[in-house]
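K.L.:
Residue numbers (the working numbering), protein chains in the order written: chain A, -3 to 284; chain B, 1071 to 1302.
Source of the hints: derived by calculation from the structure; they are not laboratory data. Where hints are given, some of them may not hold.
Calculated pairs, SDA-like style, for lysine to any residue (alpha carbon to alpha carbon, straight line, at most 25 Å) [what the hints assert, rightly or not]: (1) A:Lys241 / B:Thr1152; (2) A:Lys213 / B:Leu1073; (3) A:Lys197 / B:Phe1271; (4) A:Lys86 / B:Trp1156; (5) A:Lys69 / B:Gly1162; (6) A:Lys69 / B:Val1241; (7) A:Lys244 / B:Phe1271.
Note that the coordinates shown come from a computational prediction; the quantities given were computed from them, not determined experimentally.
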Amino acid sequence: MKKSFLASMLVLLLVILAACGNTSGEKASAKDKKESPEKAAPTEMILATTTSTQDTGLLDVLVPKFEKENNVKVKTIAVGTGQALEMGTKGEADALLVHAPKSEQEIVDSGDAINYKRVMYNDFVLAGPSENPAGVSGDDINAAFKKLYDSKAVFVSRGDDSGTNKKELSLWQALNIKPSGSNYISTGQGMGATLQVAAEKKGYVLTDRGTWLAQEKNLKGLKIVVEGGKNLMNIYHVMQVNPEKHDKVNSKDAKKFVDFMVSKDVQDIIKDFGVKKYGQPLFHQYTE
Amino acid sequence: MELIIEGLKKALDIILSADPEVIRITLLTLRVSFTSILISTIIGLPLGMAIGLSRFKGRKIILIFINIGMGLPPVVAGLWITLLLWRSGPLGNFSLLYTPTAIVMAQVLVSLPIITGLTSSAFQQINDKLLLQIKAMGATKRQTLLILLKESRIAVMAAIIAGFGRVIAEVGAAMMVGGNILGDTRILTTTIVMEVSKGNFDLALALSFILLSAAFLITGTLTFLQQRTRNL
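Please construct the entire structure, taking both the sequences and the accompanying hints into account.
P.N.:
As structure tokens, this is what we get:
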């Protein structure tokens, strides 16, 4: 009885050890590959960016290209713009790709970010239930927001300090309105999840067009109601974190990444990205 | 309903076509979970035995903290580890944030209390008479511990199984300290979260079936080991 128990414990231990042993073997061979004579070990760079660039799949195209060309391992951390900027301010990231120009200005002014470059844009759209109870339309987002507020329509907000959330709040602020009450739902989640909530609750929601196009098939009962206004432009900037303020920052690769994003090659990829799948581009080139 | 069938089909597709990306993610998930549970067991088992068998001042307080730890929300563990590993944090020089090691650290933090706590419960239940008997037969300390371990093997295995369930299901901490980086720290649970936010419900569902199959195989093996020893 004792023997069999010990034996089975031994088997378990072996299984676990084998699992771990395998992986250390894998690691070693991977290392060998990396350290092959023609190529030095890749350096690591942390890119803090927004969920929209990841959820649309744009980064899946751009990052591997950058890694290959520069022998860099990019660690992409997709969070809200607010958090991405905070990571930059703390020196926890090397490069940032975000879309909230007003907040970006603060981190540039504080000297935490340098080499600030405009990369691309798409636009925000207002989506709402297809019955459109508030009767909003056209391209005037301010008028639409006023109407939504007056008719007490259900509005679903990101509420997560993301670029889209910041944009929405600035629109309310322009009207001197403080949205609150049971008609104002704050999800605190990403764009995809927030769109889902809007579809379930039959609410209006401000979204970037890229995520909308990628998600549209799952959003029964929602449609775009307001689009095309001039102040609905959604501009993305890339920047690197200032190595003089944060000494652990990898500024060499971050600089390369900024240059990479505004290069003609990459701008051409951005211009065509999504055309095949959605019949229209998700982002437009917009360098300075 | 349609979606579930679609998801099952996709899961079969992925498994049959041996999608290299999914295989890599699954292997990483297993590697990280096994490493975490191994570390937790190596530390938690002796610790639980010691706490369960000895009587000392402050033991109840320690037990309270262990029991709270069993319910420690993974995101809390993740947040603590993040603060610790930040470049500006105390362990910043090791650049461990956004690596599989960081995920292991967080998973040990959430599974160690479970293994320690459940092991100590098992050893508290040991009959005093048995202890006397073992002593009377002149067993050495090592022999005594081995006999006791054998005596509570079912509960000890249960502790390991519970700990394993915790780490393989964990997502909040892995997202925060791992960063869900493609080819590096992307594990099954974080991939599922990401695919859901991308709106790829079928793929997310397919991955959930793969995750459950892996959990089934491993937990099944552990349960088999646990039960087999009882019958012999």
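K.L.:
Run the structure past the numbered hints and jot down the numbers of the failing ones, going up.
P.N.:
7
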